[in-house]
Structures are given as C-alpha cells and as structure tokens.
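**Student:** All chains should be modelled from the sequences, with the hints used to inform the complete structure.
4 protein chains.
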Amino acid sequence: MNSFGRLFRVTVFGESHGASVGVNIDGVPAGVPLKQEDFLADLERRKGGARGTTPRKEEDLPFLKSGVFNDHTTGAPITILFENNNTRSTDYEKLREFPRPGHADFVATEKFGGFEDYRGGGHFSGRLTLNLVAAGVIAKKILGDDIQVKATIKEVGGNPDPEAGLEAAIAAKDSVGGLVECTVDGLPIGLGEPFFDSLESNLAHAVFAIPAVKGIEFGAGFAAAKMKGLEHNDPIIDKTGKTATNHAGGVVGGITNGNQLVFRIAVKPTSSTPKEQQTLNIKSGEVETFSVKGRHDLCIALRVPVVLEAVTAMVLADFMLLEQRRPRVVSRKGAEEAKEA
Amino acid sequence: MNSFGRLFRVTVFGESHGASVGVNIDGVPAGVPLKQEDFLADLERRKGGARGTTPRKEEDLPFLKSGVFNDHTTGAPITILFENNNTRSTDYEKLREFPRPGHADFVATEKFGGFEDYRGGGHFSGRLTLNLVAAGVIAKKILGDDIQVKATIKEVGGNPDPEAGLEAAIAAKDSVGGLVECTVDGLPIGLGEPFFDSLESNLAHAVFAIPAVKGIEFGAGFAAAKMKGLEHNDPIIDKTGKTATNHAGGVVGGITNGNQLVFRIAVKPTSSTPKEQQTLNIKSGEVETFSVKGRHDLCIALRVPVVLEAVTAMVLADFMLLEQRRPRVVSRKGAEEAKEA
Amino acid sequence: MNSFGRLFRVTVFGESHGASVGVNIDGVPAGVPLKQEDFLADLERRKGGARGTTPRKEEDLPFLKSGVFNDHTTGAPITILFENNNTRSTDYEKLREFPRPGHADFVATEKFGGFEDYRGGGHFSGRLTLNLVAAGVIAKKILGDDIQVKATIKEVGGNPDPEAGLEAAIAAKDSVGGLVECTVDGLPIGLGEPFFDSLESNLAHAVFAIPAVKGIEFGAGFAAAKMKGLEHNDPIIDKTGKTATNHAGGVVGGITNGNQLVFRIAVKPTSSTPKEQQTLNIKSGEVETFSVKGRHDLCIALRVPVVLEAVTAMVLADFMLLEQRRPRVVSRKGAEEAKEA
Amino acid sequence: MNSFGRLFRVTVFGESHGASVGVNIDGVPAGVPLKQEDFLADLERRKGGARGTTPRKEEDLPFLKSGVFNDHTTGAPITILFENNNTRSTDYEKLREFPRPGHADFVATEKFGGFEDYRGGGHFSGRLTLNLVAAGVIAKKILGDDIQVKATIKEVGGNPDPEAGLEAAIAAKDSVGGLVECTVDGLPIGLGEPFFDSLESNLAHAVFAIPAVKGIEFGAGFAAAKMKGLEHNDPIIDKTGKTATNHAGGVVGGITNGNQLVFRIAVKPTSSTPKEQQTLNIKSGEVETFSVKGRHDLCIALRVPVVLEAVTAMVLADFMLLEQRRPRVVSRKGAEEAKEA
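Protein chains in written order, with numbering that gives the first Met the number 0: chain U, 0 to 340; chain A, 0 to 340; chain G, 0 to 340; chain F, 0 to 340.
Hints were generated in silico from the structure; no laboratory data involved. Incorrect hints may have been included.
All copies of an identical chain are treated as equivalent in the list; a pair is satisfied when it fits inside any one copy or across any two copies.
What the hints assert, rightly or not - The list that follows gives simulated cross-link-like pairs (lysine-lysine, BS3-like), each with its CA atoms no further than 30 Å apart:
(1) K274 / K149
(2) K238 / K274
(3) K282 / K140
(4) K292 / K46
Keep in mind it's a predicted model, so treat the numbers as computed, not measured.
**Tutor:** What follows is the structure in structure tokens.
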C-alpha cells in the first residue's frame, strides 16, 4: 500500500497540511555515510518557487529520526521527517463543495467515507514526493558513482523547447503537461526478475506512484508498435552485450542488457489550472462554475525530474541488493576502522 | 519474482520446451463454479495458427491439479498445468551461438550463468502467457458479469486497420508491432491504494510482465503531456462521479472514479523476424549474418488482447477482494445447499 | 524485516538512545476515533518504575504525526513518534569492550560491521516495544469490545505467585525469568489461513519479535506431547463449535474454532543481571569479570503482558480485516454525518 | 497464505485425495545439481508403513515439472508434483456428519462454506508435508555440507525412550504425542533480521505450518522462565562468539550467534485415535459416540523429524540468500564449463 521494494523498502506517510510528511526506509546497508546536508541538493531541485511552479515555499529540512549514528547508516530502518510549517488550509476548506476535477477529492471521499484529510490534497498531495526524493538520495548512494541516473524535461505542452512551452502556458493562463525522460548509465547486465518482476514492471509500478503520471514507455516505446522487426531489433555487436541501436531502451526480457536504460513518462497538466471550470457542486447537485484557489504549479512536470530520478534509483538499488551486487554492509574495512577508533 | 497479487495471488512456472507450463492461484474465494471447459474459450483466443501467428499448435488443455472439488473452487490454492507436447527443440539447439536480438537469450545466459533452459526461450517464452490467460479466466469469474474487461487490437504496424497492417508485414516478410487497447466497464469507485499501489501502478506492473510490451498509457496518456489543464480536466457532472470527458481514463489519484477504465499498450514487433539479421556470433566473437528458424508469430500483438484482459482481470480481482467488494466465500447460500445435498 | 502484517501492517523504527522510536501503521480503516489520550493507559502499563522494573522513566508521549484528522483515522498510514529524552549513553560507552552475554551486542557488531547504534541496545532495545504497544492500542480498537485480549503474568522464576518470585530474585540480587499467558475471548471461527499463515504461525512470528521470548505454546502445548489422543482431543458439543475441553487452545488446523484462544510464552531472565559475570573482553581477548551498569529491569517478564496483548491484537486485527470481518471504513454512517457537518 | 519465504519462496498446494499435491519453489539459485533421485532418501524417511505410522503407502515419486534442465536448476521456479494414487475416499464420505475432534473438519466447513475438499483432510492433510520435505531437499543443497540440520524424536508420550513410549500407546490402543528436537551446526553469525524477522520468528512461523505442532522453544526455552540471569546467560569465551553454555540455543537478539542452533517442538497426539470418542453429530445435533476409520498414524511425531529439518532448512536457506552468503548462481565456473560443452 504505502510501501514499495523488497530489500530496499520505502514506506511513505504524511499529509500536505498535517503535522508532517515523512519516509521510512528499511534494508539500507550499514555503513553508508549519511547526513542532513546530503539531502539538500536534490530537495532544492524539487522545490517550488521557480517560474511556473508553486509559490509555496517550505524549508523542507529532513530530520533524521532513526537509523543513522555517527553520520553513518546503522542497518536499522531510517526515518526522515519533514515538518509542515507553511500551510494555508483555509484555502481548501471552502473548496469542499467542489470536488476538483483531475484531483482525488471525489474518489478519496468515496473511498475513505469522508474521513480523509482533504486539506491541500492530504495524503494525495504532491508534497509526499519529498519523501521519494529523500529515499532517492539514499538509493543513489547505494548505486554509487558508477551508476548515473539522470532525468530531464523534454517537452512542455508539446514543445521540445520547455521554456517556450512554459511561456505559452503562462500567456494562456492555463496549466500545461510535459514529457520527462530518464536515462541510467553504468548498469550491469542482469537486473530484473522473471516473470512478474521485470525491470519495466518495477519501474512502472514506482513511476505511477508519482502524482500526475499518465504513461510510460521504454526505449522506442509507442513508436515500436509502428515498427517492423528488422528495424526494431538491436543487433548485439560485442561480447559485453553492446548493441548497435537501443530501441529496447536497455531492457530485454525484462532484464537489463548492459546498454543505457532509457524511458520516458507523460505528465498531465496540473489539475489546478487558474482557469475557471465547469464542474459539480456536490452540495447543490448542479454543475457550476468554480476556480481553484491556493498556490499551485502551472507545470508540475518541471518538478518531476528529480522525483523520477529518485524512484528510479529506489528500484535499481533494490535490484542491485537482490542481485547481490551491493553488500549488506557497505565497508567492512571502514567498520574495522570504526571499531579501532 | 514469479508471483503477483496480494489477495488474488498468481504464481507462474514452466518452460517452453520443458515438461510443462503452469500456474498456481492462491486466494480464490471458495465456491466459484469451475471446470476445464470454462478455460477453453479464452485459451482458444490466445492460440496460434491464424494468419500472422505461429504455426505451432498445442492442445493447451488445462489440467486442474488442486483447489477444485465437485466443480467448485475450495478456497485452497488452484494449480493448473499445461503439458508441452509439440516441441521441436532441435530448432533452437543450433541457435545458441547467436543470442537472438530482441530476445532474452544473451541476458539470460549472463544472469543465470548458462544454466537457463534456452530451448524456445525457456522460462521467457510467450508460452507462459497460457498461465496468465488461465488465471484471467478465474479472475473474470470473480469480477462477475457486471464488470466487463475487453481488449482489442487497434493498430498493426501503425495501421489503424489491423488486417491491412498485417498484410503489409506479410508482404514485407518482416514481423511487425501493434497497439492494443483495454477498456473496463462497471468498476466501482475506490479501487487503488495510495501511495504505491495506485491502480495504474499495479496494472502497469502486471502488463509489463507480458512479453514484448514496451509502453502503457492511461486515458489521454502521452497526449496529455501536450495538453493544457482546462482541456485535460474531466468535469464531474453528477453525484455518481460521472465525468463529461474521460481523459483520465477512469483513474484519478491512482483510484478508479467510476468511469470507464481505458488504457493502451505498445507491443514491439516479434523479435524473431523471418528476415536475415546482422548480430554477434558469441563463439566467433564476430558480427555475422543469421536468421531465426523455428515457428513464430509475425505479429505477436494479435495474440495479446486476451492476455491483456487476463492480467487486467487479475489486478482488478485483487483490488475487489482488498476493497471487500467480493466475499471470501462466493455463495454461503450455495454452500448451505451443498451441505444439505 | 521491520514490518509485519498484510492488511494491518506495522513498521517499527528507532533506537534506545537515538532521536526517537516510532511506528508506522498502514491499513488502518478510516473512521476509527483516535487521540493521544487513547494510548496512555496501555503505555502506562508498560512503563518502568515499579518494583523489579527499570528506574528509567520517560514521558513516553505518543505524537501522532500522520494519518489522523479531526480525531479520527483517515485511512492513510499512521505514524506515531516517541521522543527519547531521558538517556544516559555514557553508561554504555564504557561497556563496548564487553559484549554483554545474552544481549545482541556481539552479533550486532558482527552483522552490521560495527556501524550499529550500540547505545542502550540501540535498535534491539526493549524500548522499541513502545511501538508495539501503540500499534496494539489501534489494533484493539479495530477488534472492538466484543473481542477481549488479556495477558497476565503466571510465574516469576518458576513461582506461580509472581510477587514471591520477584522477592526471591531481589533477595538473590539476580534477574529472573517469567511465564506470561494470553487469552482472547470473542473470536469468530475461521481466522487463520492454510498452509503457512496458520493463526499459530502468525502469532508466534509476532511474539518472537518481543525481546527475551524463548518459547510459545498453544493450549495444552508441551504437555500435549505427553498426552494420549483420547485425553487431548476436545469433543465438540454443539453447533457453534464449543468444545468440552480446550486442549487445542482455540485453534485447530491453524484456524480459530470459536473457543477461547489460549497461549503462553516463556520470558528469559533479563540479560542485564546485577551480578558479576565472566565473559570475553573483546579488546584483550581474555575472559574477564564484568558487571552491567545502566538501569535495567530485574524481571522483564513483568512488563511483557501489555506488549503481548499488543502483538496479539495486531495479528488478530490483520486476520479480521483479511477475513472481511472488519470494514475498511469503520462507520459509513459516521462518515455521512461528517459530510453533513 | 500458501507461500512462505522472501528469497527462497515455497508455495504448497494440493489435497489428500485430489489429483495431486505439489510445491513450487521460487528463488532457487541457478546451477544447483538436482534430480529425482535426490529427493528419495528424505521422502523415504517421511513415509508411513513403519510401526505406529499409517499403513497408507504411496509411491511418492516427485515429478519435476519446471525449473530443472540438464539435471541442474535453471534459476526459474521449480515445480514438483506428487500424484495421489492410493486414496480411499469412501472412508471419509461417511464421516462428514461427525466433524472429527482435533481435526480441521469443523472449522474448514465454517470457513470455506462447505466447499472445502473434505476427503482425507483435503488441503489440511499431513500429506502436504511431502511438499515441505521436497522443498527441504533443495534448501539443504543450498546450505551445503557445512551446515548440518538434524532433527530427532526425543520423547513419545512423555517417555524419553521413544520405542517404549510407542509400545505403551500401541498397548493402550490410543494415539500419542511426542517431542522433537532440531539442531543445526555450522551456521554463520548474523542470520536474523530485526525487528520482526528474527530467526525465532521465522522458524516458529514455518514450524507451526506443520500439522499437529503445539509449541516451540529455543535453547533453554520454557525452563528459562524459571531461571535466574546469571544461570541463564551464556558467557562468551572467544572472539568467534563461542559461548560456555548454550541456553540461548544459538540465537540472541533474534540473530544467530555462531553456536549450535537448538530448538524443540511439541507434537500433539494424532487426532485420529482408534478409540471411540464422544462428539457432536452435526446432523442430529446430538453428542454421540463415533470412531475414526481410515488409515492413520498412532504417533504422528515419529514422521515429523524429516519435516522439521525441511522447514528449518527452508528458513535458513532464505536467510543465507538474504545475507548474501549464498550466491544467486551456484557456480559460475560450472556454468563456464557448461557453456564450453
């Protein structure tokens, strides 16, 4: 439910306007150097405040509540807490009669019987992606420098020049979708478990946990559906498994083949458009005009790359541990020294 | 690994040219009527033999080895076995020096140290989709008549007329990809569990277990990345949650919203094209010309719809049980009568 | 690893002398009334300070960090944090050269390479049972008033008069073991899942997570090994399944049979005896005399009953949800009213 | 439910008088030599036919249906099937009106609504321990020769001379319980995962899946509850963690400490005693006299040792893989040779 991963296991919790959001990560090898500062760069990348993103600003300081001792992971589960300080819940109270189109408001009330914390999207809020980014920082440490995970925005509103796409949306006073690509270099051959735990299965599972994602494709992806076999097949050209082309996106049979992992995701326009919308007033039972207040991103896709990197790193760290390519204690040598000191 | 699902749990096993393929399904409610005949229609839909599909024909009779008594499920795990009788392994023995492009041959050897059963793709074979179809038959029974899962081929080789697309491939003597759409009517509001078990996450996870799938998109999908918010948002128009449009594809916040569930998958061209290919001879270490022998589909996408329905039904049955919308004993009334008799 | 349960899922974290200990509980139905005060009675029962228990006293205030809104559970995961304020780590620093017999010190260093938080037992500390008690409070709410879980101390140091047994230990200036019994009334027939998730399997699994437990027996337990069949069998005497005797302890075939659930656990003497011990000095490599400092219980069994109730309630709540005997939203009626208000 | 283990994952299925019983084992490393003959010795140990055991005799030939190729495991899931040929179901048909005391008959009917396969205990039958023994054979291979798992019967009917205990039962024409001990030599330090996956938790979980087990204790076990701290503590005497005594039974803090693992289980008397019993006739609603027909063991404990070894080996193999002390491909060298040949 709110947990994912087998050996690197991430559990998220919290609500947008509750006391806090946070994450618990179990299965982290002992001996990974870890301090609060290590999280700041990726958390900064996720932050709002830039053009086209929400003006809500939080300190977003990660508090390490367990699992770290003397600036190293201990092998016990790590809990990271983010306090919510900058909330303006009254923005949301008045919206209850209009379940916002594209948001979980309506389904959450149906599913949780009206008990859900509806303020700011509650447990469905994009604010929970803080947790993913934090988990991703640790996952990247497990992957190490040899494995590079990199996500970039490729399109905004269909425009391969994201800046231009964003300007168009700002001009139109409407929110807008985007396309994000993720590549991973340095992966070994053999990550992915038949039959149900293919690499694609696990990545897609994690990626669709990111709010607003509506599609994922690997390598040639949907274009592959239009191709012929000779055109699509990637000839193997040496004993390391290197292929001449990479239509497979680095995965065959659900398993990494040693080439670059490449996949793209479709991010829908932020549901909270500044535009007026026609939708149901749940009290009156009538379709009425309403507009979303509160502070929102125009293009949520702009903040997705670091989140996408994070879930990708989470999945890969899990597979690297499963495949025994990362040890359960990062450095027995370091441990020896720690014992000496 | 080879299991999927929480309450409706499917475990697949077997190899293309081994003794058998089969499936174990745990968590099936007691009291579901079930006989061998119930599987035949869907298994027939999956079969090869039609134009553009493999000439290999198997009886594909499902043998119920456990979990069924007096033509009803018992609540104990169900095991279904398919014997492999019509294998021509010698076709494959000679191919070992050429790990086939697009196939798992190369990665399987690397991952399993050469111990994998390489004949006919072994455990990676499309033949294992028999298991999915069988599990799907049971899942559909749990869903009942009110929930209709339907998958259809929408394009072959980029042609919205699948027949024409196939003819073009036959003429070109090459394999070809395809696009398959799945719709589900009759779903209740509320299926899907935040944060990591969104409906999309679970469906995508299961769908990428189907060999040759390279992409999945829900509702507007990749087109959503190019849209504006007002355009994409689906206005809610009544208290049942019905929306005026369905760009969301029936899922918001990872949870079904009571509208039709719609998603599409991209199926790559069959890797075993009849064309000659350039690829590595693993023995000589040289790139050489080779061509795949054996019996293969030109367009594997043609056989995917029933498989896609099956995994979709599996995922939905699991959520229906989790959400307590299906009982653990299908009919206590029937049970009473059974006790009387 | 640090998680347990399928539908009622408990994840514990924290260290004795770290920033905090805490627990995350996923799968709690929406709509359960819940406030900080609800935890106090059971937390009080667990506290040290009484004769024979540790003089370390903590406020042990549970902070609800997520999953609760307007004093009701929301259906989102609940996180409860306990701050550690009353720690005296220097007591432990000096002990590092003597891995304490009966404690995890030695194995933790071996397993986690010296990176473990060794202060006060770290993640192995009995302080983590706070988390279990907190989870148990919620589990008991799910069970409701009809299901009564009750654990009591039956023996201290082999003495069926626990007070007398404790006095003997105090007189002997040594720690001492104890026997704790748990009974549950009001359970329905049918909890427990063949083959591996028998009720005994799940209870035993959870119970052995409690530090210092060395044995568990159901009903007649070890005495059954000495009995004859006619003597041990419990004759069924009416259609509700009531039995004349209860040697089975309320479980047959791994499934509750509607009679009282009864089981007992053996708790070893507190490893931190005040007595001097002979054991290895890991630095010198010699067996030397040492004695444990710090504040400890003489008879940890005295504090176990409320913990045992907690894990028992956790396991039973999980089964009640699995068997669909508890809804995923506790009160749709209450929800309606909440929506009105 | 019917699955257990994380990396070495065992799923059992089948019914006593159905088509078959069988087991699926996922996560077995590739490259383990495996043939039908390898199972015979342990299956033979489990067989009935000896004095005090059931006269029902089956061939019990294990058919390897998947996951094995060229007499080695492939890394794909292994399925082993046992056919049921020697069934006499009519023995059971007439018993339906008397749910047998001590058996699952009554609870199974309640839980599964009367749809359960009641013949010979169905899915609850001791016949399913065949599956455990088969899985255990593979688990023992993973453990290798350095780790020796050995279970022996210590008491029958309270008599430390099991032969004499059995003779007494035969003379009394009643069934009888027994005590079985299991020891494991050669385990490394560090198996067991805090907090919920202690070695004791996992072993107890698996052990209580064996029918008729009513208690488990580690090391001093229930005797520990009567001991003082100084008496119970095991002084560490060298840097390998060797202890002077072994009251802990080789586990502290839930983790192996490098000493012999020792635990004992209580097995209740076979419920199917030859004696007449008073119990409910479910049709008449009256307590009546009945006696169990069919072929049964007088002392089921006699057949438990090999089953106990099997589940112990299963649990340990799982931990050895988790702790990365066993590779995912048993012999890359062997694999190289296999590739050459």
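**Student:** Have a look at K274 and K149 and pick one of within, between, both or neither, based on CA distance no larger than 30 Å.
**Tutor:** Neither, since 33 Å and 36 Å both go past 30 Å.
**Student:** With 30 Å as the alpha-carbon cut-off, assign the pair K282 and K140 to within, between, both or neither.
**Tutor:** neither (50 Å within a copy, 33 Å between copies)
**Student:** How do K292 and K46 come out at 30 Å by Cα distance, when the copy is not named: within, between, both, or neither?
**Tutor:** within (20 Å within a copy, 48 Å between copies)
**Student:** From the Cα coordinates, with 30 Å as the cut-off, is the pair K238 and K274 best called within, between, both, or neither?
**Tutor:** Between copies only: 23 Å across, 56 Å inside.
When each numbered hint is compared with the structure, violations occur for hints 1, 3.
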